[in-house]
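> These are the residues of each chain, in order.
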Amino acid sequence: MSTGLPVLTATDFASDQDIRWCPGCGDYSILAQMKKMLPDLGLPLEKIVFISGIGCSSRFPYYMNTYGVHSIHGRAPAVATGLRVARPDLKVFVITGDGDSLSIGGNHFIHLLRRNVNLTLVLFNNRIYGLTKGQYSPTSLEGAVTKSTPMGAVDHPLNPISVALGAEASFIARSVDSNIKHLAATLYRAAQHKGTSVVEVYQNCNVFNDGAFSYAQDKATRDETTMELEHGKPMIFGKNRDKGIRLNGLRPEVVSLTDGKVSQDDLLFHDEKADSTLVHLLAKMRHPQFPEPIGVFRDIDIPIFEDQVRGQIDSAIAKRGKGDLNKLFNSGDTWKVG
Amino acid sequence: MSTGLPVLTATDFASDQDIRWCPGCGDYSILAQMKKMLPDLGLPLEKIVFISGIGCSSRFPYYMNTYGVHSIHGRAPAVATGLRVARPDLKVFVITGDGDSLSIGGNHFIHLLRRNVNLTLVLFNNRIYGLTKGQYSPTSLEGAVTKSTPMGAVDHPLNPISVALGAEASFIARSVDSNIKHLAATLYRAAQHKGTSVVEVYQNCNVFNDGAFSYAQDKATRDETTMELEHGKPMIFGKNRDKGIRLNGLRPEVVSLTDGKVSQDDLLFHDEKADSTLVHLLAKMRHPQFPEPIGVFRDIDIPIFEDQVRGQIDSAIAKRGKGDLNKLFNSGDTWKVG
Amino acid sequence: MSTDTPQALTAKQVQVVSGITVRLAGDSGDGMQLLGTQLTNTSALAGNDVATFPDFPAEIRAPRGTRAGVSGFQVQFAAHEVHTPGDTLDALVAMNPAALVTNITDLRHGGLLIVNEDSFEDKDLKLAALTTNPLEEPWVEKYRLAKIPMTKLTRTAVESLGLSVKEADRCRNFFAMGLVYWLYGRDMDATLRFIQAKFSKIPEIQEANERALRAGWAFGETTELFGTTYQVESATLPAGTYRNIMGNQALAWGLMTAAHLSGKELFYGSYPITPASDILHELCKYKNFGVCTVQAEDEIAAICATIGAAYGGAMGVTTSSGPGIALKAEAMGLAVMIELPLLVIDVQRGGPSTGLPTKTEQADLLQLLYGRNGEAPVPVLAARSPGDCFDTAVEAWRIATQFMVPVVILSDGYIANGSEPWAIPDVGALEPIKITHPTAGTSGEKFLPYSRDENLARPWAIPGTPELMHRVGGLEKQNGTGNVSYDADNHEKMVHIRAQKVANISKVIAPQEVFGPAEGELLVLSWGGTYGACHTAVQQAQNAGRNVTHCHLRHLNPFPANLGQILGKFESVLIPELNLGQLRMLIRAKYLVDATGYNRVQGKPFSVTELVDKINEMTTEKSAEKALQSRAG
Amino acid sequence: MSTDTPQALTAKQVQVVSGITVRLAGDSGDGMQLLGTQLTNTSALAGNDVATFPDFPAEIRAPRGTRAGVSGFQVQFAAHEVHTPGDTLDALVAMNPAALVTNITDLRHGGLLIVNEDSFEDKDLKLAALTTNPLEEPWVEKYRLAKIPMTKLTRTAVESLGLSVKEADRCRNFFAMGLVYWLYGRDMDATLRFIQAKFSKIPEIQEANERALRAGWAFGETTELFGTTYQVESATLPAGTYRNIMGNQALAWGLMTAAHLSGKELFYGSYPITPASDILHELCKYKNFGVCTVQAEDEIAAICATIGAAYGGAMGVTTSSGPGIALKAEAMGLAVMIELPLLVIDVQRGGPSTGLPTKTEQADLLQLLYGRNGEAPVPVLAARSPGDCFDTAVEAWRIATQFMVPVVILSDGYIANGSEPWAIPDVGALEPIKITHPTAGTSGEKFLPYSRDENLARPWAIPGTPELMHRVGGLEKQNGTGNVSYDADNHEKMVHIRAQKVANISKVIAPQEVFGPAEGELLVLSWGGTYGACHTAVQQAQNAGRNVTHCHLRHLNPFPANLGQILGKFESVLIPELNLGQLRMLIRAKYLVDATGYNRVQGKPFSVTELVDKINEMTTEKSAEKALQSRAG
Ligand SMILES: Cc1ncc(C[n+]2csc(CCOP(=O)(O)OP(=O)(O)O)c2C)c(N)n1
Ligand SMILES: Cc1ncc(C[n+]2csc(CCOP(=O)(O)OP(=O)(O)O)c2C)c(N)n1
Ligand code: SF4
Ligand code: SF4
Ligand SMILES: [Mg+2]
Ligand SMILES: [Mg+2]
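For the protein sequence lines, the chains are H, R, S and E, in the order given. Counted from 1, the first sequence has number 296 at position 296 by the working numbering; the numbering is strictly sequential. Just so we're on the same page, the working numbering is the position in the second sequence counted from 1, plus 338. Just so we're on the same page, the working numbering is the position in the third sequence counted from 1, plus 676. Just so we're on the same page, the working numbering is the position in the fourth sequence counted from 1, plus 1309.
Rather than coming from a laboratory, the hints here were simulated on the basis of the structure. Be aware that one or more of the hints could be misleading.
[Said to hold, decoys possible] Computed footprint of chain R on chain H, listed as stretches where at least three residues anywhere in the stretch have a Cβ under 8 Å from a Cβ of chain R:
(1) 107-119
(2) 146-156
(3) 278-287
(4) 295-306
(5) 323-330
Positions of the beta carbon are idealized from the N, C-alpha and C atoms, including for glycine.
Isolated chain H, as found in the complex (with noise of 0.2 Å):
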């Protein structure tokens, strides 16, 4: 989309402080394919502002040449969704970690997700925390040996896509730092979607849980267990396209497309606008028994709280006049003395 704005890149998106995150941590691609993206946007510097909770993710908006805040662990989508309502011409960016997001502030989560916020929030997965040096977090897998976890993680792991749609989510997808392309791509989806938009990235953290994505990461396995879905189109994956995901009453299952008894027609067609059912099935679609869904899962548009509350306040004013406040005062039983 063209405005008539001086056009941006990149660079003009990175801020003057250095970059403290581990070399080789996940962070760095994210943060780059943010900034690669934004320019698209056609927004100025100053009309977007990133907000972030407590951890090594959450380190991102000082990073940013935008506004931004660093908030408190686990409460940046309720300090984004005051910031919307106030300010809904502004573009905000949530950055948040698995255990920001759904530890700690797993309620402010769902209730950003149920209003329906417009705003984008990125949710770092790296199956860690990092900033305090490696204890389990929700998404860490049972049986995860940890700095807290010595014996292995005994509660079942939280499904970030899961939460989301148990939420009502209307924007749903997830990507992989190390597919940068993909990134990119999803990251500009979600930034373009009218309400609350959730991308879960797979992230690595070399230092406390290295390799926890690698199935999805490396470039020579990674075709094989991720597949990236496409609006209207059937669901196919695999280096050579060779495999597809066909219904089986209401479970998925993985066919062969080479051995000529599946045609892609009896394959399931991915839908954006489908019913939640069809998010919820994906959603369950794990490695190793399934490739995993990359892409946008959901896309639907639902109202938009900011605008339902300032919606209210506009007919408040075009039924009732804008309030003057002596009326207000001098109104029902007044009475002078003097």
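Using the hints provided, position chains R, S and E with the ligands relative to the given structure of chain H.
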């Protein structure tokens, strides 16, 4: 189940405190059915603990002649988790409201479920904040006019069943305050489950949200507006059991069983052990488009948090022997003086 | 009232009295709060000064007829200034036995006791956990008892309307109202208007309530039961247009006015909690004033949303009560660190923990001052009366924006639900609140988000402003640039700047005033909602010739610059508080003054009498003329 | 060390010194913390008294070579008692330019400066934001510079093992270590054992590190670079078996011991936060001791789970740091109301808000005392050193169970990560903690969950006990029955009981002791982690003849019963704190003593020197003999 214990009756479970709910409140019937059901568990009074947050519903423990904690707003699941881990010999119930569990307590709610702590949570859903005199809650419908939303609520309501499913709950059920037989039976099923069992109860707040669930409560309409789930049985409803639910792709649809076109075998069969996709689809069936399913949506067996926590302690002792502090203190580099 | 001995109820006579204290008590279902409000408005309209004290159970609808279910509303209306709802009752209206036994001890001997005798049957007594009928107890002799079959009389009054018994009985309260109106020569018009408005949709109910009201009045006139009616002349308040106002309402209006005066949009993020919820209920009515209310998922989200709005340039306000305020502590620390203007309002209730939600207390002062990690100072103001909530809100926002700091306002359940006549201000005449947001290019060099003005305030640059992009956050900031800094000296400097900034506020606030001699025997130092009782007690003691002065604080942090001097001028200092001595600790620590505390923690306001007694105990008889001298001088 | 002027590095000689302070500084990746720990243990094993101060960046791995990435570890080892890591350095080992420039100012003139010259190339200088090579600056003259090509030497040492360059270079730190060991005549055995254990799985790395260590030692011996080696005799500590212990470790062990002494299971609910997380990491290792650790979803859940466990009869403990403690405020109020024993531990860090996570501070005292709604008093204890964390934990649990009250322990980042020799106690010899849970039928009549014993403690009846079923909660409780009560007098009574219960603790705690004369010119009053610096400063001043006494508090609430008398015996009182004067306020308020504050908020411990200066400023020269007299008498 029979134990050597003196057989208890409902009245044994009544405390000496007078009940302070509004006349006509749905909470009375839930309390009554709970007391009616408890003796069937064959547990002595002292082995049972009721833990609640804050709200009208959360006054519940005061009325039970068992142990109990009337904790703070939204935190009952956390208190209960600590108690269960410390005391796996106790039968624990969590009593909570729609605001208590899904507004301020939403995060503890989902983390309780993902841990699958062995207890029964009863969610009194009256779609309103009762105790604070009538503000909208996360389950209030869009447009709900309440003390805090004179022009109607604008956020999209949370569906407790969907949220529970998003957090991978192992037992999910729904019942209605006035449907007392069904309520008692459902509470009993929940209490029998090993793991976290969630029961959403439609509860009438006759003072601030009267009739919110009248469609599901009135004997006249409830057979048409609700559908009792039965494991392994086809989904049939209607006063004359003349309607059923059939699957169309991933979509459920209401079909007539009278026009001879559809037979019971064509219907969707309920399976409490099925993939979560079926539960998801049932959760999405809302009045008036669909009859709302009541009864047990899901009942699966997965590992229990406190069992595993204690299991690790036991195996650590088995492996390394019961710890000896003197040994520990004197291990590693030490030196003598004098 | 003068007389203290029961007087026969004979021939009617009008007695002029300077003030009357009445309490209406009945079932929470009986609409006592509504009656109380009506009597209050009517009395205010009659030109009396009034003060009220509603007292209702924590339960929504406690079981009918039980003691727990009793709801009461006390009003004092007088021909002179009143600052409290009154200590003892001149009249008690008890709609049932539970209401009688739970309130009777507050009725003065010889006071008027009006009961609905229809509700004293065995089942009623049982509900009130009574084995005998109190009306037959010897101690009722101490009062002037008026037994009235209100139920029967009301039913007859509305008979022809064909209402159900239940509906008919619901009109009882208006019968009682009518009787009270007659007794005190009150005008029924306002209440009739109210009935018409409220029940316009159900004409027969409207008609029924009107009839019940009139029947009550007529009953008083015709029956032999009452020998005297009472007349309270109108008080001489300062000239102006008045209305009756409740504390939470005044707070809401004050916030709206502050937004207006500063040209800001009011963003209000809150989570319901007693007794603060009514602020939310009030503000959400005024969307056409551009008021934006968000009911958040919890108190943490509420304040965080408010912080987000403040970063965006709005007037951010969040309110709660004790337990909810505790949850806001961490986020308040963030607001301190990022130095944004913000109002955090605590309507205090009985604590600790869930405590006594519907009772009043002053025990959150130290929580608001110190309940955050690290050195995180915030200004704290406290309102002293329902009407004062308005001014306090406006001043708090003035300070917040001038010093770029979150400001705390303390109210309490007593003033939040209490009401008093309020001299309506002319909004146009109020001093505007000037706020400037920096814009690009005002200075050539790089923008410094943590640069300082003469107040040590940093610039409030808001998103959308070209070239001023900057990041704020909870990590220590480098002064000037606002970049994250772990530098030792910078940290110490910032800790001092944040403290000094708050301390500097004492330079802009009005010097503390006192009521009474500027020096002498005893200074009564109070804050917040106890103003009325303390002021009245000091006044009475002064009139009785005691050498005592009253000093009431609005500013708890920082203290007014001249407070030290004031304290130094008195032989002793008495600090009455509805807590265990929180202000007292602050005063002792700061001024090393051996202040005495008078502390009550009973969930209810002070009585004037207990304070007068304490003052008498701490002052000497002979001091009378001393007092006069220094007043003369 | 004595000499202060650079001396030529010529013929080797052994110099016996009473103590040495060394700091190892390098990239966070260079393993400086590991080296520091090794040097500490080795020195402790050599019988020295030691004190340490690790100082690392907030980032996990700040960018290599930058100033932000510098990690340091300071050790003082001595032949006498030491309570601080030392003010100025006798030797600084700098592995790169960033480490050099960020630490050099702490090296005393004439101090030994050892650098890895291989890491002073242009790219290294650039990373450190340097334009010139500091080794060529004139000011290095002030120090005894030893430029050593550590990288090259290490590579040669491990050459034959066929490691990658990266792997080889990782051994550099052990080369430096070996050199330091030689310099101070340290024994390499312990470190060799450590290397063998740590790298047993990768033999070639193990071998490489061993070689590097030996090469460093050999280099010292052979090279002409060093004229002197230093010898530190072993200190004369009280007899016993010692180990080196860190604060968080001692805290964890103290909790386990308290559980053992009380026959309770330790339930630990926590949420990770710097600098408290290591307590979780430590405790979760000891499952075979029956320790139950739960990492909750947030701090609120952590304390609530702990409350649930406590209700169930377990020993409940929750830990956090400032921001997380703020979140626990509401639940702490619940614990106060339901009167259950519980430990809440705050390892303080720089604030407010997220502040300076890895820096130390003492600014949470008032938060813990007052950061809750209503009157919600809790006992507060503070540990004074790493080893003292153990005793403090045990005493805190003793108090909690004896008085049925949640108890707060304050630690801080400095003692949490610092270490010192610890005289290992014989657990069998420690006094047991007696706890009795009531059982059914002990008394015929109805069980009263809120009845009181001589300490005002209520019975701890736990679920599963027949006939004792009862409900607790956050609403005010009726004394005795524990039923919900809104009664005015009961509320006031309960508020006083909860306050009195905490006040009563002063009857059971040991009377406060002082170090120095019992009366005189100056009392230095301190608390928590500043013990070491304050004690050492007072000792030095006393030795210099000043009339000064040290009083260090473990109990902040209630204060020891005799504190008032102690304060009264001194002409002036100095209260040094790493905050803006929080204890000072409490002391002034309670005792009306005009105490002076010495306050630093720089995220780091006091230096002994600054305190000595302050003491000298507040005492008189002539007081010397006075001091001696009162010591004699
Ligand atoms: C209230 C509070 N509790 C705890 C912490 C400590 N803390 C900081 S970040 C973090 C979790 C980080 O994990 P995640 O959100 O996954 O982010 P990551 O570092 O992995 O990117 C924790 C527990 C804090 N800063 N504040
Ligand atoms: C920390 C805190 N915030 C707010 C409140 C006030 N409060 C009490 S109950 C409640 C909500 C009640 O709604 P719900 O959970 O649906 O229970 P119900 O009364 O409807 O049964 C609120 C907001 C409180 N007691 N504590
Ligand atoms: S700790 Fe992990 S997540 Fe954090 S910066 Fe380092 S690599 Fe990245
Ligand atoms: S307010 Fe509603 S929910 Fe609460 S007791 Fe009354 S009827 Fe029941
Ligand atoms: Mg993470
Ligand atoms: Mg509800």
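> Hint by hint, say whether it matches the structure.
Hints, one by one, checked against the model:
1. 107-119: Contact hint for the stretch 107-119 of chain H vs chain R: holds, 6 residues under 8 Å.
2. 146-156: Coverage by chain R holds for the stretch 146-156 of chain H (5 residues, Cβ < 8 Å).
3. 278-287: It holds, with 4 qualifying residues against the three required.
4. 295-306: That given contact holds, which follows from 3 residues of the stretch 295-306 of chain H lying within Cβ reach (below 8 Å) of chain R.
5. 323-330: violated (count 0)
Violated hint: 5 only; the structure is consistent with all others.
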